[in-house]
Amino acid sequence: MTSIFKTFMLATTVAAAPMMLATAASAEGEKYILVSHAPDSDSWWNTIKNGIALAGEQMNVEVEYRNPPTGDLADMARIIEQAAASGPNGIITTLSDYDVLSGPIKAAVDSGVDVIIMNSGTPDQAREVGALMYVGQPEYDAGHAAGMRAKADGVGSFLCVNHYISSPSSTERCQGFADGLGVDLGDQMIDSGQDPAEIKNRVLAYLNTNPETDAILTLGPTSADPTLLALEENGMAGDIYFGTFDLGEEIVKGLKAGVINWGIDQQPFLQAYLPVVVLTNYHRYGVLPGNNINSGPGFVTKDGLEKVEEFAGEYR
Amino acid sequence: MSDAPTQFAEDERIKTRSKFREAMIRPELGGIIGTITVFAMFLIFAGDSGMFNSQGVMNWSQISAQFMIIAVGACLLMIAGEFDLSVGSMIGFAGMLIAIFSVTLGWPVWLAILVTFAIATAIGALNGFIVVRTGLPSFIVTLAFLFILRGFAIYLPQTIERKTIIGGVADAAEGDWLAALFGGKILTGLFQWFGDNGWIAVFERGTRKGQPVVEGLPMLIVWAILLVIIGHVILTKTRFGNWIFAAGGDAEAARNSGVPVNRVKILMFMFTAFCATVFATCQVMEFGGAGSDRGLLKEFEAIIAVVIGGALLTGGYGSVLGAALGALIFGVVQQGLFFAGVESSLFRVFLGLILLFAVILNTYIRRVITGER
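Sequence order for the protein chains is W and L. Quick note, the first sequence lines up with residues 3 to 318 if you use this note's numbering. Quick note, the second sequence lines up with residues 3 to 375 if you use this note's numbering.
Next comes chain L alone, as it looks inside the complex (with noise of 0.2 Å):
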């Protein structure tokens, strides 16, 4: 794939390609391209709307964020052959456990952000392990996950509480450690000296006045940098990264040459689930409380993102930058077009003719460089 080595250039197996080359068949291309288009875009329509204030950007950085710590999640796991629709029903149940065990049953919240993690990153196994077994498609296994993690997502607040709005955990969480590297913020005087300076715009009235409207960088977007660095490190500079190609290109060629393709695919599967929980987490922690219906549509929002970002659904094919720079297309077009006064029920018509051009020039891009048919 991409770490093709060109010091060993006089081995005669390594067909030797310029740099520029090499440059142009990475995966991420269109995602780069993309991204300056939608940027470009957005200064001449909505330059002056308030988008590119300091709250604006918070506002489209936060939902990029979001967007690629499923990403992440989603695109190893489809570069390693495999689909997970179950993240959005994750997300919702994972923030439902921790809101149950923290509020409902009193339970230190360290504790109940380790053992929602514990049981989600299991559910993630189990997926993963009826896919190797069975040799289902996982398209059906995890659907049927979507819909058994969504129902008891909501008959558990239904039962035990009788609501579906659990609220409470954000004084449950505070003072906790574990809670603080989920939900809180990070370089807050570094931002109060942006304010100072009016750099940043501050509040004009109110217990905060003074304060600026950005307080700080918040642990979402930090998670959300934190997994595209270990997910694209993992891809592209270990043993275990060519796995994972190796796995969702050819499982079989992969098998019999070593790869545990099984134990890859089913690691996979955990890891998504891990970064769905992430997500939800970070999502109770600011929020301060659960909903049944957190996270519905977001497993599509996440392959979206993938897919933009130049990954193949058949596997074998894809990056984590690209991934990111698809969750920073698909979160700055969804708010953006909010900026550009664009009608509010329009908005997914213009994502749908996004993802589809999107799609199409990463296709057009790798067969023109790569010469492939």
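In isolation and in its complexed conformation, chain W is listed as follows (with noise of 0.2 Å):
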């Protein structure tokens, strides 16, 4: 009986206990919202979360995440209103769909709030909710890109694993790669789920009816982790062209072992930390730099690694 009492206050006070600390934390400095439209169970975005932490923390201001739980672009629109509605300096965030999202951004635009669009959408977007600029890596671009490298590496067909099918942006990657390459996507692109025993049995099911299959395009540490594993199990690893984008912990290890060729670097950490110095340095003394903020792509290979390796998932 006591010790159920126990785990109840000490429930009752792990709950109870953010509420006090942000309420005190709330009294003073700018404060700036970032939104994602990532799902809960998206690991890569843990580097976000960093990010803004180190950001709020060097330039002393206020600094919150938010995101929709499923992935729903519908409620992530919400969650901007609802960012505005609270009246903050600035909002950064997300722009993956830009028919549901553009609404609210611009909505809080015009309510005073200073808004940075980071990671999805393109600069020409950005300019037209009116946002002060856009930081990020187009990705259809860096699809484009890492296309044509593999090209010129000797790739002629490819398997590209979705794990975000829903975000349009993800799509645009596999297009790019395969405009890139100058092969049509046609069936080549899965729709892998995010759960990683579906991913690799889906990837080994892929990789057993298409044995001509070149290379592999993953999406990032979600679809790449459990793509190692799964040619580890079929004995292609080393052996087929493995590209991703992204960085994280098994990834690097790829790159390193020899398995994954290059990972695609949009540095994530950028995303998150220059909007908030940016803003803050806008909102202080009025400098703002003249131009959107291209934080990737930048391909990782094998040569100079040891950095990457450090920081993977935390700060790279």
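Hints in this document: simulated from the structure, not taken from any laboratory. Be careful, since some hints might not be right.
[What the hints assert, rightly or not] Label-pair restraints from in silico Cβ distances:
1) W:Ser-43 / L:Ile-121: 25 to 35 Å
2) W:Pro-291 / L:Leu-299: 35 to 45 Å
3) L:Thr-365 / W:Pro-291: 56 to 66 Å
[Stated by the list, open to error] Below, a sample of chain L positions facing chain W; criterion: calculated Cβ distance under 10 Å:
4) Val-59
5) Ile-156
6) Gly-170
7) Phe-205
8) Gly-290
9) Gly-297
[Said to hold, decoys possible] Keeping only pairs whose Cα atoms sit at most 27 Å apart, straight-line, the calculated BS3-like set for lysine-lysine is:
10) L:Lys-211 / L:Lys-187
11) W:Lys-255 / W:Lys-51
12) W:Lys-153 / W:Lys-255
13) W:Lys-304 / W:Lys-258
14) L:Lys-21 / L:Lys-239
15) W:Lys-108 / L:Lys-211
16) L:Lys-165 / W:Lys-153
17) W:Lys-51 / W:Lys-33
18) W:Lys-51 / W:Lys-309
19) W:Lys-51 / W:Lys-108
20) W:Lys-153 / W:Lys-258
21) L:Lys-187 / W:Lys-108
22) L:Lys-165 / W:Lys-108
23) W:Lys-153 / W:Lys-304
24) W:Lys-33 / L:Lys-211
C-beta: ideal position from N, C-alpha, C; glycine also.
Join the two chains, each given in its own frame, into one complex according to the hints.
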């Protein structure tokens, strides 16, 4: 009985603590809210959280991270409206679907909140919604650059493992890659889902039925990690040409072992960190960079992996 | 149930109860207490955070209205003794149908909406038909449809357009009479007047400078209120309402006394699908497009709202007003935690605690007051 009581008290304290803390911390300083389209299950966004937290600490401003738990973009639109209603100095948000998100973002801009678009969307779209700038990696271009690189390495066919098929930007990466190679995307993109076991087995099944596939493209650690396991299992590790977007611990290991040829680093840390720095300096001193900031694409290969390895999944 | 007609008090079959007791055993009592508690809590913790300015109020009202629309259907179905787990998938599927019909096939939007409603309610009827014919638990049957409909919501746009979000519905719906019933806003003049008088905030810059930040009452909220009223009237004021209670209470006894239980259940499945389609249509019209992942987990949110509102999972007991209050509580808590500055990953912990608390409170109140064991 006592132990149940203790557990309950502890749970209540743990649950109530952030509420107290947050109320205490909101006393002074600029406030910036970052809204992403990522569902909770996507581990890649951890780097974003670290980036914005560090920027908030260094600039001495209040920062918050918000996302729709299931990745539902209509929910995300509401979160942006909500963020605007809470009257922050600035909102940093992804623009993963222009139709859905442009309305709430424009309304936020018009109501006096400064907005920076990060990660998804294009510089043109950022300008159209009235954002100060775009910080990120143009997805189609990044995919295209990767496709050109793979073509130079002799790739003619590939499998794109899409773990976030409901986001248009992820399809753009696959499409860009196909166009860079100069082939038709066709059935070379699979909807892998987000469950590691499902991803692994779908990759195995695809490679089984399409043994002539030259290359694999994964769109992030969520799909890359299980794909690595799949390749180990069917013995194609190190044999098949393997490129991936984004970095993570397993991807870095894969690069080191020579199983993965390259990773495209869009540097999520910078995507979260820079907007906070830019906004704070803009609000404090009125200075603003005159252009958009491209955080990627940067190809990470076996060479010069040390720093990447040290901070993979944390700041890289 | 709650319609005990006191004017027949001399009838020996009817037990007389005091007005106070009558008020206390209403299923929505827990919902009323919860609503007051939740508002009081957020007025204290988040009173000055923007949660209660015009934008903030509109924000959680819209979220609550969304929950309300699907909760009304889920509530009536649950009182009739069944579940529908396909609500969330139906939202994604119906939205996608509207987008495909209107954008890809180029149909007029009103036709796309009407055909979608027809297809959705037909699927609802199929759900119900399978349940009453096979005698399988609706939990299983509708779980199957959860996957079937979600699968189609991804497969159809992938095959037809090679993408999973179809936009452009807003352009197609321009000037459409039926689309305006779902995506429009009413009372815009009133809100402009509020803005002119400085009662609500106005835009400070841009092309909409001087216009109020909340330009009108979205049709989403109008639909929610309308469905709650219709659902409440049907449930408490009509013979059909009694049939719903009877079907969920003891189906066999109801059948013996002449209630068409199967028809009632099938109709309730159709109504649930109808509500999900209203949700989907409002969403598609507001955001101008449909996405394959829309409505994920919404079936549980509907059930949560209904349960917070005091309905019994076993059927035969509950109220639409209670479900509406449950939806309000859910919406206010979900959005309010943000305004209170709670770390986002913890909001589900709070939500879970509140759900648990609400259910325990509801059960406790009902037991104490009705004396049931």
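Hint by hint, here is what the structure shows:
1. The beta-carbon spacing between W:Ser-43 and L:Ile-121, approximately 31 Å, falls within the hinted interval of 25 to 35 Å.
2. Between W:Pro-291 and L:Leu-299, the C-beta spacing of about 40 Å keeps the proposed range 35 to 45 Å intact.
3. For the pair L:Thr-365 and W:Pro-291, the supplied restraint of 56 to 66 Å holds, since their beta-carbon distance comes to about 59 Å.
4. Proximity of L:Val-59 to chain W holds as hinted, the smallest CB-CB distance being about 8 Å (cut-off 10 Å).
5. Nearest Cβ of chain W to the Cβ of L:Ile-156: about 7 Å, under the 10 Å cut. The hint holds.
6. For L:Gly-170, the suggested interface contact is upheld, since its CB lies about 7 Å from the closest CB of chain W, less than 10 Å.
7. With its C-beta approaching chain W no nearer than about 4 Å, L:Phe-205 sits inside the 10 Å limit, and its interface hint holds.
8. Nearest Cβ of chain W to the Cβ of L:Gly-290: about 4 Å, under the 10 Å cut. The hint holds.
9. The closest approach between the C-beta of L:Gly-297 and any C-beta of chain W is roughly 7 Å, which is under the 10 Å cut-off, so the hint is satisfied.
10. Distance restraint check for L:Lys-211 and L:Lys-187: the Cα-Cα separation of roughly 19 Å lies within the 27 Å cut-off, and the hinted pair is therefore satisfied.
11. Distance restraint check for W:Lys-255 and W:Lys-51: the Cα-Cα separation of roughly 23 Å lies within the 27 Å cut-off, and the hinted pair is therefore satisfied.
12. Annotation: proposed proximity of W:Lys-153 to W:Lys-255 holds, straight-line Cα distance about 24 Å (limit 27 Å).
13. Proposed proximity of W:Lys-304 and W:Lys-258 is supported: the alpha carbons are some 6 Å apart, at most 27 Å.
14. Of the pairs offered as hints, the one joining L:Lys-21 and L:Lys-239 holds, with about 19 Å between alpha carbons and a cut-off of 27 Å not exceeded.
15. The suggested pairing of W:Lys-108 with L:Lys-211 holds, with an alpha-carbon distance near 12 Å, which does not exceed 27 Å.
16. Only pairs whose Cα atoms come within 27 Å are accepted, and L:Lys-165 paired with W:Lys-153 is accepted, the gap being roughly 25 Å.
17. Between W:Lys-51 and W:Lys-33 the CA atoms are separated by roughly 15 Å; this keeps the pair inside 27 Å, and the hint holds.
18. A threshold of 27 Å between alpha carbons decides the hint, and for W:Lys-51 with W:Lys-309 the separation of about 19 Å falls inside it, so the pair holds.
19. The suggested pairing of W:Lys-51 with W:Lys-108 holds, with an alpha-carbon distance near 25 Å, which does not exceed 27 Å.
20. Between W:Lys-153 and W:Lys-258 the alpha-carbon distance is near 22 Å, which keeps this suggested pair within the 27 Å criterion.
21. A hinted pair counts as satisfied when its Cα atoms are at most 27 Å apart, and L:Lys-187 with W:Lys-108 qualifies at roughly 18 Å.
22. Under the criterion of a C-alpha separation no larger than 27 Å, the hint pairing L:Lys-165 with W:Lys-108 is consistent with the structure, at around 25 Å.
23. Simply put, W:Lys-153 and W:Lys-304 have alpha-carbon atoms about 19 Å apart, close enough for the 27 Å limit, and the pair holds.
24. Distance restraint check for W:Lys-33 and L:Lys-211: the Cα-Cα separation of roughly 24 Å lies within the 27 Å cut-off, and the hinted pair is therefore satisfied.
Of the numbered hints given earlier, the model fails none.
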